[in-house]
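Undergrad: Given chain A's structure and the hints, the job is docking chain B onto it.
The listed protein sequences derive, respectively, from chains A and B.
Position one of the first sequence corresponds to residue 44 (our numbering), numbered consecutively onward.
Position one of the second sequence corresponds to residue 44 (our numbering), numbered consecutively onward.
Quick caveat, the hints were computed from the structure, so don't treat them as lab data.
Please note that a few of the clues may not be correct.
Taking lysine-lysine and the DSS-like style, the derived pairs with C-alpha atoms no more than 27 angstroms apart in a straight line are [as the list claims (entries may be wrong)]:
#, chain 1, residue 1, chain 2, residue 2
1, B, K202, A, K257
2, A, K158, A, K202
3, B, K257, A, K202
4, B, K385, B, K452
5, B, K451, B, K385
6, A, K146, A, K94
7, B, K202, B, K165
8, B, K165, B, K146
9, A, K165, A, K146
10, B, K257, A, K257
11, A, K320, B, K385
12, B, K202, B, K94
13, A, K215, A, K165
14, A, K202, B, K202
15, A, K451, A, K385
16, B, K320, A, K385
17, B, K61, B, K87
18, A, K87, A, K61
Derived CB-CB ranges, DEER-like [said to hold, decoys possible]:
#, chain 1, residue 1, chain 2, residue 2, range
19, A, E138, B, K158, 50 to 56 angstroms
20, A, E240, B, Q78, 23 to 29 angstroms
21, B, V315, A, K158, 57 to 63 angstroms
22, B, E383, A, K87, 24 to 30 angstroms
23, B, Y57, A, T96, 52 to 58 angstroms
24, B, V315, A, R214, 53 to 59 angstroms
25, B, V315, A, T96, 52 to 58 angstroms
26, B, N77, A, T153, 48 to 54 angstroms
Backbone N, C-alpha and C fix where the C-beta goes; we use that ideal spot for every residue, glycine too.
Number of protein chains: 2
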Amino acid sequence: MNYNILDLMNNKQYSLVKQLVEDMEEADLAELFNQLVDHDQATKLFRLLPKETAAEVFSYMDPESQEMIIGVLTDNELRHILDDLYMDDYVDLMEEMPANVVKRLMQNSTPQNRKLINQYLKYPDDSAGSLMTNEYVYFKSGITIQQGFDIIRQNGVDKETIYTGYVTSARKELLGVVTVREMLLARPDVLIDDIMEQNPIYVHTHDDQEEIAKMFSRYDMLAMPVVDSERRIVGIITIDDAVDVIQDENTEDFEKMAGMMPSDESYLRTSVLTLAKHRIPWLMILMISAMVTGAMLEHYETAFVGIPILVAFIPQIMDTGGNCGSQASTMIIRGLALDEIKLRDFFRVLWKEIRVALLCGAALSVVNFARIMIQYHDVQVAIVVSGTLVLTVCIAKSLGCVLPMLAKKLHLDPAIMASPLITTITDAFSIYVYFNFALWYLGSRL
Amino acid sequence: MNYNILDLMNNKQYSLVKQLVEDMEEADLAELFNQLVDHDQATKLFRLLPKETAAEVFSYMDPESQEMIIGVLTDNELRHILDDLYMDDYVDLMEEMPANVVKRLMQNSTPQNRKLINQYLKYPDDSAGSLMTNEYVYFKSGITIQQGFDIIRQNGVDKETIYTGYVTSARKELLGVVTVREMLLARPDVLIDDIMEQNPIYVHTHDDQEEIAKMFSRYDMLAMPVVDSERRIVGIITIDDAVDVIQDENTEDFEKMAGMMPSDESYLRTSVLTLAKHRIPWLMILMISAMVTGAMLEHYETAFVGIPILVAFIPQIMDTGGNCGSQASTMIIRGLALDEIKLRDFFRVLWKEIRVALLCGAALSVVNFARIMIQYHDVQVAIVVSGTLVLTVCIAKSLGCVLPMLAKKLHLDPAIMASPLITTITDAFSIYVYFNFALWYLGSRL
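The shape of chain A in the complex, shown without the other chains (with noise of 0.2 angstroms):
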């Protein structure tokens, strides 16, 4: 579909193609726009939108092509635009466009838009008030469910949602909720304060956005209210902005759990520089780390020298280690994140874990044990690698649990305490237990 449209550009064959873009959906239309690279080309497309639709396939735009249609656009038809866009959007575009673009943008706006929007991006970013959009609908207190039809059928079409009203006193304190739903089955001539639900969930607009939308989940809600601190509602959260949280959320504990600080552009959209300025922090403490664990090596310099065959065992070692300690790790990770463990659980996910680390150590140990007997017939050989194994299993998956929730305890992220970390101090843990017990067992054979 998408590339009949530029073929039809191509042709210009215009008519036929607004008539193709008046029935595809907006988020398809804002994609075929990202694949555009001839300005002249977007420009018309654009022109050829329905008008009740740009401002919403605009919004769903990347921040090039966004950048690049207001650079063509008239200031007139800059001003349609952003007449036309949510408040959450517009903030957003604000917050992604140049200095010299927010200057335009900012002269093209309403006085009361543009007021709006200073306030808007004082609000820390990943808060509430960062999420928030004041196209809501509310009613004041004491009227009947006919008015407040009346009121949504007035007033609705430039609502994010009209599908929850939010009932507030004279001075906009939030008194209740009231769903379109139970308007609807309820008798027209029934006061809202009789239907609306009495103690809402709320947040505030300094809250975490990652709380806000583990509560979207847990109470399946369309949309949030945001109050201030004297309980006046100044915005909601719509549960697609909800949605976007989550998934940025997730992505932030990937990047993280794999020893990076994470990014809020996609990975396409992010220089060299700033993907390897992320990057090098983490790789310079764990490479940093490890030589602690290589400076231990050189004590057994005795051991390896005189049983050369101990060196090829250390990949094996250490890969096992970090593999146990990432497999456990992400399980506990994951679990506080989705709050499906709590740090009340701390001993039951130990006993757990070792009890898992067992089971794992004894089937690798065997296996392992088997290999070394086949290839080099040592049984002594066997026994200090396979044991060094088992130990090392339950070291890294220990290590596995007890760092994250460590680390919640301590209110720092357990995403921190991931692979790469559990890894290099699983590392120096199981070359200690291996080397030592080399030399214990094997010390007559030096």
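TA: Chain B alone, transformed into the frame defined by chain A:
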């Protein structure tokens, strides 16, 4: 709040409890049951719930709590709960319960529900059919908005969502979709056919849940119609279930990327034996693969027996390679999962990773070079180790982007090409580079 209720239960202040639970969210009440261990108390508390919310609280509970509650309810009470469940929760319950409980549940289901359940249970796990529910609002083509609202008022109370209505032909073919928002904002005497979206987004019963969740997120939908092979609507999937799928799919990726077979159960509910079974296969594969690296090391015995200090740098080179590969593969796997990276970006991604690798490698090897010079005053070893490090970083980062994209190309899950596998492969490469470089450059010292 939760502790209060437990205390009040212990003090037999049931009327106060009854009052308190009326204002509580269903999800919080379910959580309370999950924490209760005393069956008698759980039974009493369940009987104190308002009739209209009992089924919803029940549907939020853990399977353990559900089984406990089913065990103590009379057949009559059970029938009431089952009748009030949405079909998707009903089917989930049947999937989670042991055979003897399922038998009792089936005996207490209406013949109609029994038939439906048997039909739903046939859909593959992770398919649209296994997620959908049949409680949706549909309109026969040709009615007015006013008639539509009458249908919602008559039937809406049992529907999982009323905000999206599905317009169908006499044969239940999906003709269009209309939202309550559009209905409220148009005149009541307008025909629904005239305002409905005529090319609605829909999925088929056998479509994969991961793709469906992505569509929810892409198109900001609240509900998705599910059709059969003849485009007849058979159910809908609601956004709350799509959010759960997103979290499940993320958990699955975390698990796969840490070398585990994914599990549907939460960590604490999975038995030690199952956890071990999910972890051992990859540990075994990776341990056996690491033997290759070990076997290679044997060949370089002359090198490390002659210059034992070389062994001390093995952990650092192996760990750095693993960490670099892990960083790259995580970014690529995540980008592919979110559709931010496409297969056509292959060369762009590879070129980016190579440049990032050169920057990271340079930073690491400068620090490493300085450290070796300070500690050992051995410029030759410093050159070998630092040179190997740069090459290892390049290999690791290249593998970290090539392998996940190759997996995607081969229609495998890119998540298996994550840290553990890439670490093992990188290890072999880096040990090969390291000792060959050493043998060639330091050969005269042996």
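Undergrad: Hint by hint, say whether it matches the structure.
TA: Now the hints, each set against the structure:
1. B:K202 x A:K257: holds, 25 angstroms
2. A:K158 x A:K202: Within the cut-off at roughly 19 angstroms; holds.
3. B:K257 x A:K202: Measuring from Cα to Cα gives roughly 25 angstroms; hence the hint holds.
4. B:K385 x B:K452: holds, 10 angstroms
5. B:K451 x B:K385: With a Cα-Cα distance of about 10 angstroms, the restraint between B:K451 and B:K385 holds, given a limit of 27 angstroms.
6. A:K146 x A:K94: With Cα atoms ~24 angstroms apart, A:K146 and A:K94 stay inside 27 angstroms; holds.
7. B:K202 x B:K165: Status holds; Cα separation ~23 angstroms.
8. B:K165 x B:K146: OK: B:K165 and B:K146 at ~17 angstroms, within 27 angstroms.
9. A:K165 x A:K146: At roughly 17 angstroms apart (the allowed maximum being 27 angstroms), A:K146 and A:K165 satisfy the hint.
10. B:K257 x A:K257: holds, 19 angstroms
11. A:K320 x B:K385: The given pair, whose Cα atoms are some 24 angstroms apart, holds under the 27 angstroms limit.
12. B:K202 x B:K94: The given pair, whose Cα atoms are some 18 angstroms apart, holds under the 27 angstroms limit.
13. A:K215 x A:K165: Holds. A:K215 to A:K165 sits at ~21 angstroms (cutoff 27 angstroms).
14. A:K202 x B:K202: Roughly 24 angstroms between the alpha carbons, so the hint for A:K202 and B:K202 holds.
15. A:K451 x A:K385: holds, 10 angstroms
16. B:K320 x A:K385: holds, 24 angstroms
17. B:K61 x B:K87: Given pair B:K61, B:K87 holds - Cα atoms ~10 angstroms apart, limit 27 angstroms.
18. A:K87 x A:K61: holds, 10 angstroms
19. A:E138 x B:K158: 50 to 56 angstroms: Holds: the Cβ-Cβ distance is about 53 angstroms, inside 50 to 56 angstroms.
20. A:E240 x B:Q78: 23 to 29 angstroms: Since the Cβ atoms of A:E240 and B:Q78 sit about 24 angstroms apart, the hinted range of 23 to 29 angstroms holds.
21. B:V315 x A:K158: 57 to 63 angstroms: Between B:V315 and A:K158, where Cβ atoms are some 60 angstroms apart, the hint holds.
22. B:E383 x A:K87: 24 to 30 angstroms: This hint holds: roughly 27 angstroms between Cβ atoms.
23. B:Y57 x A:T96: 52 to 58 angstroms: holds, 56 angstroms
24. B:V315 x A:R214: 53 to 59 angstroms: This hint holds: roughly 57 angstroms between Cβ atoms.
25. B:V315 x A:T96: 52 to 58 angstroms: holds, 55 angstroms
26. B:N77 x A:T153: 48 to 54 angstroms: holds, 50 angstroms
In the structure shown, no violation is registered for any of the earlier numbered hints.
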